[in-house]
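Protein chains in written order, with this note's numbering: chain A, 42 to 611; chain B, 33 to 343; chain C, 1011 to 1389.
Watch out, some of these pointers could steer you wrong.
[Claimed, not checked] Computed footprint of chain B on chain C, listed as stretches where at least three residues anywhere in the stretch have a Cβ under 8 Å from a Cβ of chain B: (1) 1155 to 1164; (2) 1179 to 1189; (3) 1200 to 1213; (4) 1229 to 1239.
None of these hints come from the bench; they were simulated from the model.
Note that beta-carbon positions come from the ideal geometry of N, C-alpha and C, so glycine has one too.
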Amino acid sequence: MSNTELGDAGTDETNTSSVPAVRLTGITKRFGAVVACDSVNLALQRGRIHGLLGENGAGKSTLMKMLIGLVLPDSGTIAIDGTTESIHDPLTASALGIGMVHQHFSLVDALTVWENVALGDAGRLDPKATRGRIGEIAEQYGLVIDPDKRVGDLTAGLRQRVEIIKCLRRDPSIVIFDEPTSVLTPEESEQLFESLRHVVAAESRSVVLVSHKLDEVLHATDDITIMRQGKVVDQRRSVDADARTLARAMVGREVSLRSERAALGIHSLDDNGLDDNGLDGNNLDRADLDGIDLEEGATATGHTFETADSDTSNIAPDIGPTAVPVLRIGKAVVHDADGVIALDEFSLEMYPGEIVGVAGVEGNGQRALGDVLSSLLVLSSGTVTVDGAPVPTGKSGAMAKAGIGVIPEDRHDSGLVLDMTVAENLVLVDQSRAASRGLIDQKRLNAFAVEMIEQFSIACSGPNAPMWSVSGGNQQRVVLARELSQEPKILVAAQPTRGLDVGAIEYMSHRLETAAATGVAVLLISSELEEILELSHRIIVMHSGRIVGEMPRAEANFEALGLLMGGAAA
Amino acid sequence: MADFFSSVYEIFTTETTYSNGALLAGVLAFAATGEWVAERSGTLNISVEGMLLGGAFTAALGYHVTGSVAVGLLTGMVGGMLIAGVQAEMSHRLAADQFVVGLTLNILVFGLTGFLENEIAPDSTLARKFEIPLLSEIPLVGEALFWQRWPFYILYLLIPFSWWLVYRTRWGLELRSVGENPQSADVSGIDVNKRRRQSIYYAGLTCGLGGAFFLFGHVGPFENTIVGGRGFIAIAAVIFGGWTLRGTLAGCVIFAGALSFRISIQLIGYDINSELLQALPFIVTIAGMAIFAHRVRAPAALARPFIRGLR
Amino acid sequence: MTAVDTAIDSGVRPSRTRHGARFSEWIALYSMSVLAALVLSAILVEATGGDWRPVVNALLDGSVRHPGRWGETLATAAPLLVVALGTVISSKAGLVNIGQEGQLFVGAAIGTYFGFLIGGPGPINVVLILIIGAAGGGLWAGVAAGLRYWRGVPEVLSTLLLVTVGGQAVAYGLRWEWLLLAPEGSRGNRNQVSEQLATGNRLPRPDLFGNEFPLTVFISVILAAIVAFVLSRTVWGFRLRMLGRNPRAAQRSGVSETRYGATALMLSGAFAGLAGAAMLTGGGFAFGNYQLVPGFSANIGWTGLLVALVAYEKPLAAIPVAVVFAGLRTGSNFVSGTGVESRITDVISGLLVLALLIPAAVMFLRDRRRARAAATERV
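Based on the provided sequences and hints, a complete structural model is requested.
Below, the structure is given as structure tokens:
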């Protein structure tokens, strides 16, 4: 695998200027004993889109944060247009023409669009000029928006539009996009990449696309840099790249199992219509991969699985005409805090042993669905019944008691108490197994925790380790262990693999499939279509709080789901 | 009973009622305006009481040394800002709990001024009255608003200035964003805790002025019991006003009205439940919150400390 | 595990080898900031023409050295501790109750009212006053709880505002004989005062080595042990902590925020009310001399709150903290004899609280910074 530095290799072939817009040389950043970025070299050319690919935790975000001044490098230099610069805060970065479109957390709901766009600038506040500028950008890039709308009232897609305008308004010559497609439909993503192309070509800007999705990067970029464990492991032109080698570079071994490929954002085998960059879907077909040394993969992730599990699991359970649904949601309506409708006559029936995938762009009611099933939201109207018995909504603990286990979208939100110990977190929902007559029995609590830690291979210093000291992947295992130990009838898994590395994703998928095989009805809520297609027996698509489509896995494909996610009629 | 009502009528038609009310409302307005700014940035600053008292004391000191009310006002501001400094640096640099710091400051300032008052015994006086011609002839309220001791008129600048500051300047925009969503503000390159500290300093400044005005416009000689809970009423006014400047000022006027009505009615020989009237601002605020809490939106990050990386 | 997972593990958890260093760091920070507070106070005394040495002497004399004084100090520490214990309970539930001053006063007033109304033989009457006092404080906090859970009014604000309302309500009661005011004959020269408790209706004050203090001292220590046990060992305490640390996880897990939160807030008020009733029945001369007067609460509520916060919500740690703050209070009575204004002790205790806040804040920030640095990569 060539490890040449792209910036040098690229200069004679392309018509970009010989001095790269950004050159990072020997950038190193340590956090304690861990090296987040290890002498990273990277060059960004003008007029090109550069994909920065890597698993969660590979160091790509840290690298970009150094470029916009949110993190300071320990060593190494950053040169902008050939001049070495010290970027110590976001304002400096902005003055140098570097802008970033953030994934989350950069907009203030209570402020209007124009106020948000103006936020973070320097100089006098000028509403008229800001509004005017928003209009200009809208015209130039087709990003139309009402500058006087409150941002809190906008949809996820429009909010991202505001983010992009906020970034482009300062006319940056270097633009960083951080995982931009998580809130977009496939179609919207396409449009975004198109306008990106436009931005780059017309004004010879330099764009970085940070992503963990392989296909997306292959498809939308000119150059690709792959990071793993803080190091650059490969740099090449997109035209010279194929999914298989990229995947291997990203993970550090052959990518074997289907769910791993799903995790890398590689579309499933039967629909590779979007793969027009030389990725032959068959490259990755299981038939071809059968020869791969699974031992190697297993060692790398630390778990040993039977491949047979994932091979057979996608076969839907036999649901006869007489089958009784274990969960029935009837015409559920939910209004959020601002009175906006979050679930709109949502009806669903689930049968034991099936995995139902809920596809949809983020912010279309999935969160409300998860919250209702976690007793966190009250239905304005409608019913939830488990095994035929109605469950009161919004009553604390009622859903859990009825047999609904939940792996929440954000485990820190309702899944864990970070300030309590691992053992305590394992009995959050039900203390009875570690208590007698109202007193916590420390011995039984410990014994139970040790058992769970072993059974779910939770890496922690012991049952009494504070939850916050445990890594993200292992925190997720604690949630999983607790919920499964409750022997639920229904398991809601909302974005269960978000932020996990490939090994952990594989583990999670395996556990969900096993749960379904033992008769648990699994409701998989995910914004990653690949994950949905990989695991589900039946797929429903949500848009604006409604179900806009439903189909068995066999009939589903990427394009059709993508269209539905955008709100097209089924 | 009819007698009572005619007395009330008399009170409402006497200019002194309005003058007294305006004085009290003035003190509250000085304090509440600054507190409003602080709360918009996300700090529930409960050291207002201490800031008022500290401001009044340093104002007395300033006058004691120089014999000038103007200097007294300046030293009052400095005093308020010194206390604000402790509050700001402790709660938004060291991340100590803002309520503990605020409560402690109130007690500390009370003790300190009591201690120093005894050791130094500063003397001070009332400021000169100043009449704004024509306007002061408006019936009933003319005198109250335009024939006041001169530090009162600072309010006419302070209030519009504060409004402009919060709604029309970049600083104000950043301030509001910090009070609503500090994480986003941080990502946008705004130093969240710095803005919050600055807003507390601003509150210190206006409260210091308020304390000084209280001294020179209302009391004369300093005593450390003069503030007597007015700082808490100012906080109540901000909450009552639903975190808008207009509402806050309305709260000041209403509460001051209630308090001065009590004084007036006592002066003409009635004693209607002075306890009830003293508690009234608080009861009204609590009732207001109970009714409007679901409709009025407090700054989303009010009273939530910001530490990067911690949601 | 990815690089970052490891980073979080190694960066956040203090490793074993650093443990000793950390401990001495704590000690150093604490002694430095406490010393700074004391030096600052000394400078203040000197600057105003006094001498700090006699002040220290007077403080020690007044709080422990003089005959009978440490009994007085313990008697003052007891209500502080009880208030602090209540505060610990509400804080564990994630609630910010800052209205103890009012809850204490209202509790004492309601206890007084019903104590005289119901009467009964001495010992039973005392217990009755204590129980009703606690109930009264709990009810007053219950107003805030009701506003919080049914109307969404933040308890920080309502408890604070209710302090003044409560104070005025009691003052009102002290105006009317049918409420709290003593009959004309037993008022003395005061016009807002309740009847004095008869000698038989007071808490016993055992005498130890020439120091007498009310039974409240023992009661408060026992309560501290009980609160510590309940919070750490019982299912109820477990669930309360869960609610305080993550209300959404608690809601999902069957901990009703309304039920547990309201209970915790009312318990917190009940402890304050109990402290008030204990001050009335056992406080002696330091607290209104067995009768209710305006200003009876004497900042015990505020100071008790500070005790809880300085003790970092640890019931047992609150015991020594309460004694220190009580000592400053009883010591202050002797300070005026030195020619230095006795309110210097308010200054000292204020500075002390601020000083005690600093080490934890500094350490917290440093830990956070390390954790954040390590976790920056976490998406």
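Right, here's what the structure says about each hint:
no.: 1; hint: 1155 to 1164; result: holds (count 5)
no.: 2; hint: 1179 to 1189; result: holds (count 4)
no.: 3; hint: 1200 to 1213; result: violated (count 0)
no.: 4; hint: 1229 to 1239; result: violated (count 0)
Of the numbered hints given earlier, the model fails hints 3, 4; all others are met.
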